[in-house]
Each structure stands twice: as structure tokens, then as C-alpha cells.
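Peer 1: Going down the list, the protein sequences come from chains W, U, X, V and Z. The numbering of the first sequence is our numbering, which starts it at 56 and goes up by one. The numbering of the second sequence is our numbering, which starts it at 56 and goes up by one. The numbering of the third sequence is our numbering, which starts it at 56 and goes up by one. The numbering of the fourth sequence is our numbering, which starts it at 56 and goes up by one. The numbering of the fifth sequence is our numbering, which starts it at 56 and goes up by one.
Incorrect hints may have been included.
Copies of the same chain look alike in the list, so a pair counts if it works inside one copy or between any two.
Said to hold, decoys possible - Pairs of lysine-lysine, DSS-like flavour, derived with a Cα cap of 30 Å:
| # | residue 1 | residue 2 |
| --- | --- | --- |
| 1 | K106 | K122 |
| 2 | K90 | K106 |
| 3 | K145 | K73 |
| 4 | K150 | K60 |
| 5 | K150 | K73 |
Since the hints were derived computationally from the structure, they do not count as laboratory data.
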Amino acid sequence: MRIGKVIGTVVSTVKDPKIIGNVIRIVELIDPYGKSSNEYEVAADTVGANKDDYVLLCKSSSARMTKLTFDKPIDDAIVAIVDIIELEGKELYNKSEIS
Amino acid sequence: MRIGKVIGTVVSTVKDPKIIGNVIRIVELIDPYGKSSNEYEVAADTVGANKDDYVLLCKSSSARMTKLTFDKPIDDAIVAIVDIIELEGKELYNKSEIS
Amino acid sequence: MRIGKVIGTVVSTVKDPKIIGNVIRIVELIDPYGKSSNEYEVAADTVGANKDDYVLLCKSSSARMTKLTFDKPIDDAIVAIVDIIELEGKELYNKSEIS
Amino acid sequence: MRIGKVIGTVVSTVKDPKIIGNVIRIVELIDPYGKSSNEYEVAADTVGANKDDYVLLCKSSSARMTKLTFDKPIDDAIVAIVDIIELEGKELYNKSEIS
Amino acid sequence: MRIGKVIGTVVSTVKDPKIIGNVIRIVELIDPYGKSSNEYEVAADTVGANKDDYVLLCKSSSARMTKLTFDKPIDDAIVAIVDIIELEGKELYNKSEIS
């Protein structure tokens, strides 16, 4: 998986019928230290992530292993909201301290 | 998924029989801010996208989860036409204002 | 898919029994404008492509969706020979004009 | 597979129900000579790896072929702890000499 | 597939039970001209490749289509030993002339 930060949303009217109802989020990939990458993924949200949340992105066929993405033309899914990133023994990110 | 802009078409006579009838489009990947990447994907169109449309591209096995690509040697599909890109609370792209 | 140009062949005697009989081609990836990338893929040919042909490459599990690659340890297949590349309304490549 | 070094952990409360119980580790990719890449993967641990262990990472659908990841939205798994890396006839890394 | 050169081996004691018995090789990716890439893959050998052999690497789900990798958490497999690389009409590599 990759860590990303939710920064936006994509809205589509004309789309594959299977993805009607899926919330499609724009996520900027970040490294574990919180550094931006200027790389972006567009992913189906399956956990109700909000703007600025750090999330885990799951790709390719594994992205279809959730209830909301099963059997759909979706190759990237938000499968968790990150609470804590611990690195080299230090807590680098804690969602509860930010919000 | 990735966001791209439809810029062209590929025509083939000699091809795998399963992909006869599929429209094959050339799509330039763009970032959510609309910036060109000079990276290109060749994708089967499943939603009737036109030149200059912003679209969502779905890759690998997930690209085969549409009616028009099922079970075919296709690893990239256009699965939605983008209407609105909203980023950091601002509407950066709105198809209806462009056309 | 990606566009590439057939530039060579790989011959192997010791190989997985499933891929005996598959023609394995070396393909240089090109962008839609015909520009070389110095990136190369090694792909099973399923359509009888010749040297210098522009072809479409299909990857990962989708590469196994042809008769000649089904169920085989092949992750990249040539699935079409490109006749025409049309970009921004102009015909940038036409195989019939070259050969 | 890729070789990586375990450097941290991600904790999530809100997540896909299927991944409850999976330990999610942050792994820095390294080359076989032990050189850091500044590239990071977030992977489900299936073998009980500890901080600073060198591990093998397995991606995409293959990441779901373990008991702890089967059928789950997980696209990267730690599937082995590296004991020895032998390169060009020399033993470049030996876990027993380090711990 | 990609062409690589076998340069080493990874030994692991603690690992997923399914991959016990698999020989895990370190392979440096090379371009078809034999140029090193400084990119490395760690792959299960299915054909008995030796040090310095040029091999074909097969990735993702296709890496599981051999007898020795079927259903296992392996995302990269050596599926052939390269005998000859022919490029632009010239034989650039011939294993029998080297050994």
C-alpha cells in the first residue's frame, strides 16, 4: 500500500454503470515522513475519508477486495484512515493531535 | 485510477480477435491541476469519450471489469468522463464551462 | 496499452514448458509521436508482427487473455499491429505509407 | 519481489473490516547492496518481522497468496525475513552477524 | 517480460510456508544491449539459472503460472534462460560464445 493525503474529489456523470455511487477521491502520495511527492492517485473511497486525512491506498486487483469495489473497474481504493505513523521508534504523525 | 486527456486514436487491422470493435484512444496523463505529464496511455474507451475530454483511466485486471473489455487482452480502459475536479475546496475544472 | 516498435528477438532453449512455441520479441517503447524512450519490453507476439512494426503491448494478467498466451507465465503480449496513429486531428503515422 | 528494511508501523482504527488484525509495516526499499532508495512501501507483515529486519516484499495479487492476506484489500506483503544476501560470490549481508 | 542477469541469491529461514523450497535469485535488470540498469529484482528461479546467466523475468500474477510458483506469494519468476538476443538484425548476445 501507499500513504496519501486526501486533497480533492472527481465528479463524473458519464461513467461505467458499475461505479455509480462510488466516491472518487484525489489523493496526493506522501512519504512516511509526510513529505509531498507531487504524485497523485485517483481512488475509490471505501472508508469515509475526509479532506486532509492520511489514508492507505490499495492498488490493482487487491483494490477490488472490498464490499464497495468488488468486481468493479476500480484499480485503486482507500482502505484505511491513518491514525498513527511510527517511524524509527518515534511517533511522526498522530491524527488526534491534528484535528 | 489516473486522470488523462484524450488526444488521439490508434487504428489496427491485424489484432487479437477479442479486441475487434474496441475503440482504442491515446490519452495523455495529466495531474489534477491539469498539467501535462508527457506520459501517454493507450486505452480502450468504454464510455464514448471525445477529443480533449478529461477521463478516468483504470488499469490492469480492473480494466477488464467493464462490459466492453471483459475477458479481453486490454490492460487500460477509459471508465468515466470527468465533469468536475475539486481540489483543496476549489473547483479547478468544470467540463460544462469549457464546452 | 503502450505503443512500441519491434526491434529484435529473444531465443531461449531452457524455459518454462508452457512458453515453448511462443515467439518472444524485443519492443522499444515509443511515445505516440514516434519518439524513442530507451525503454524496452520483452513480449510474446500473438499477431505476427515484423521488425520495425509499431505494435500495441498489453501487460500483466491482461496479457494472458489471448489464445497464444492463455494460462502461461507471460506478462506482456503484442496484441495488435498499429496501422494509423491519429493525434490532435493529424495522422502522425500510417503504416501503408512507410512499407 | 523487492528487498526492504522495516522502519515503522501504521496504525488505523477506521479501515476495511477484512484487514482488522493485520500488522501494517512501513518498509524502505533497499538495493541488494543495502543502499537506501528513499522509496517506501506499506505492507502487511505475514512473518513477524521486527524493526531493522531486511525482508522480502511481494506485490499485487501475489500479495494475497498467504494465509494472513487471502482475499483481502492488501497489495503488498512481507513474505520472508532475509538471513543472507549473497552477491557476486560474496556474502554482503548476514542477519546473524548483525543481531 | 524483462531481461536480467543473475547476480546473487537471497536465503531466508523465516518465510511463508508456501515458498519453502523455492530458490530466490537476485537479478539485475539489463537493457537488450546488455547495459546495466542499477535496478534489481528478486525472483523465484523456475528453470535452474546460474550466476551471470541472462534470463527472462515474468511479473505479477503471470509469475504464478509455472509449476514451481503456482498459488504462491511470488510476484516475479525467472521463466527462461536467454540463449540469443538478436537486435536490428545483429546477434548482440550468444550464450554459447560466452561460456
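Peer 1: One pair to classify: K90 and K106, alpha carbons no more than 30 Å apart. Within, between, both, or neither?
Peer 2: both (17 Å within a copy, 22 Å between copies)
Peer 1: Please sort K150 with K60 into within, between, both or neither, judging by C-alpha distance up to 30 Å.
Peer 2: The answer is both: 12 Å in one copy and 25 Å across copies each meet 30 Å.
Peer 1: Is it within, between, both or neither when you check K145 against K73 at 30 Å Cα-Cα?
Peer 2: between (42 Å within a copy, 28 Å between copies)
Peer 1: At 30 Å max between alpha carbons, let me know whether K150 reaches K73 within a copy, between copies, both or neither.
Peer 2: The answer is between: 22 Å across copies meets 30 Å, while 33 Å in one copy does not.
Peer 1: With 30 Å as the alpha-carbon cut-off, assign the pair K106 and K122 to within, between, both or neither.
Peer 2: within (22 Å within a copy, 33 Å between copies)
The structure shown violates none of the earlier numbered hints.
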